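Student: Sequence:
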Amino acid sequence: MVLLAACVVILGVAVVGGGGRSRRETYRRAVEVASVTSGRGEGTVPLRLGGTRWLSARYAGVLVAVPTLLALWATLGAADGRGSGTSAVLAEAGAVIVERPIVKIENEVAEGSSPRAAATADYTVLLPSPTGRDGVPATFEAYTNRRQGVGSELYVAYVPERPELGAIGDDRRQDVERQLAGRAVEVGDAWGIGGLWALVTLALLAGWWKINSMRRPARTVGPDWEALRVTVTGAGEHTDAPPPGSAAAADERKRKENTRRLKGLVLDGRGREIPFHSQMASEPAGDALSGAHGWLLWSPRQRRGRDVLAELVGDDGWQLPGAVPVQVAEQVAEAGLTVPAHPDPERRVRTLDLGAGWLVTASVPVVAGWAVALGCLAALLFVPDGGAWRPWTVAVGLLAPIVGHIMRGMASGGGGDQAG
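Residue numbering for the sequence shown follows this note's numbering, starting at 134 and increasing by one per position.
Simulated from the structure, these hints should not be mistaken for lab results. Remember, predicted model here, so these are calculated numbers, not experimental data. Don't take each hint at face value.
As the list claims (entries may be wrong) - Listed below are the simulated DSS-like cross-link pairs for lysine-lysine, each with C-alpha atoms no more than 27 Å apart in a straight line:
1) 387 x 343
2) 389 x 343
3) 396 x 343
Please construct the entire structure, taking both the sequences and the accompanying hints into account.
Tutor: As structure tokens, then:
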């Protein structure tokens, strides 16, 4: 909760200090920051190209943080918020669990009119007296899976030698055992949520590790590298279909399954249009880099899936990691458009981090959405109730930030500003 509150405060400060900027503005600013040799004419090919350790770590962090946040909300929704000191005292004193009939019901709140509806109420039972005289009344709150009546039996935990310590109860024995053990979530629910979190997180990380075009170490340009002078002409979409006669194009169904539509920059290399995709929103990136001149560099041996890892090095001194479809790279090389790379050991470039300015894109709807999420989280943590409102509160807490980001995207006036 402290981390979420800190995020809301940081976003609020960003908005007050000039937030709400469009992705196009932040991309242009990123290009200015990375342009270490602006205005010096045609640049040479650098010998060393920077890696994407920080960019990859940030992206992987998002892939872990999002499922973790969802798992946290699911855990809070499944948690019993009625924890009190009574269960701890009873557990320490050696409580036992028995079935006792209900003698009084007060403050009942049912989740429907059906007798089978779940309900929350204050139940009173009579505990056996250690002296053998009249029973000792004990009242506790419980959330039961169906409405109870006077005479119905509940599982009750109490200390036979000290009934004055009170009692806790429920219509399910495992719930009473859970409260005595000090757990807010049942073991089965915890394992289910944890297992689903692990599967989703590992699947996302494995998919990213296998196909993400950004992940790469720092590299040295060697004699086998291809180099092509290019100009950024804007943004567009490229259809990457498998070549005829290949196994991926054996029939119409396979051909469709293996056809990709890649959004990215459009480069002009000696009269040929070359698609270049990276971790970015293509339209704002095309707007920020349109007209830029530089080198497109790649090593034919360094591939990932159906892409060859490529670097777009601007004459202004920035380096944008990305990828080019293997078919396109091979066709460009076969056409003789590339030249041997002659790296200059003195040339220095700086990685162009187009996503660095994400914080200043925050707006009032985004902050409001996260503030609502913070309020929902506070209610789930501090309101001692296990009623049906908890799942609804979880849903509101999850949807409010999403709605805020959608409203920011709509206000920015273009789908291209929403990604990257």
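Student: Measure nothing beyond the straight line between the CA atoms of residue 387 and residue 343; if it is 27 Å or shorter, mark the hint as holding.
Tutor: With Cα atoms ~21 Å apart, residue 387 and residue 343 stay inside 27 Å; holds.
Student: Below or equal to 27 Å on CA atoms is what counts here, so check residue 396 against residue 343.
Tutor: Given pair residue 396, residue 343 holds - Cα atoms ~19 Å apart, limit 27 Å.
Student: Just to be careful, I want the Cα atoms of residue 389 and residue 343 compared with a cutoff of 27 Å; is the pair within it?
Tutor: Between residue 389 and residue 343 the Cα gap is close to 21 Å, so the pair holds against 27 Å.
Of the hints listed earlier, there is not a single one the structure fails to meet.
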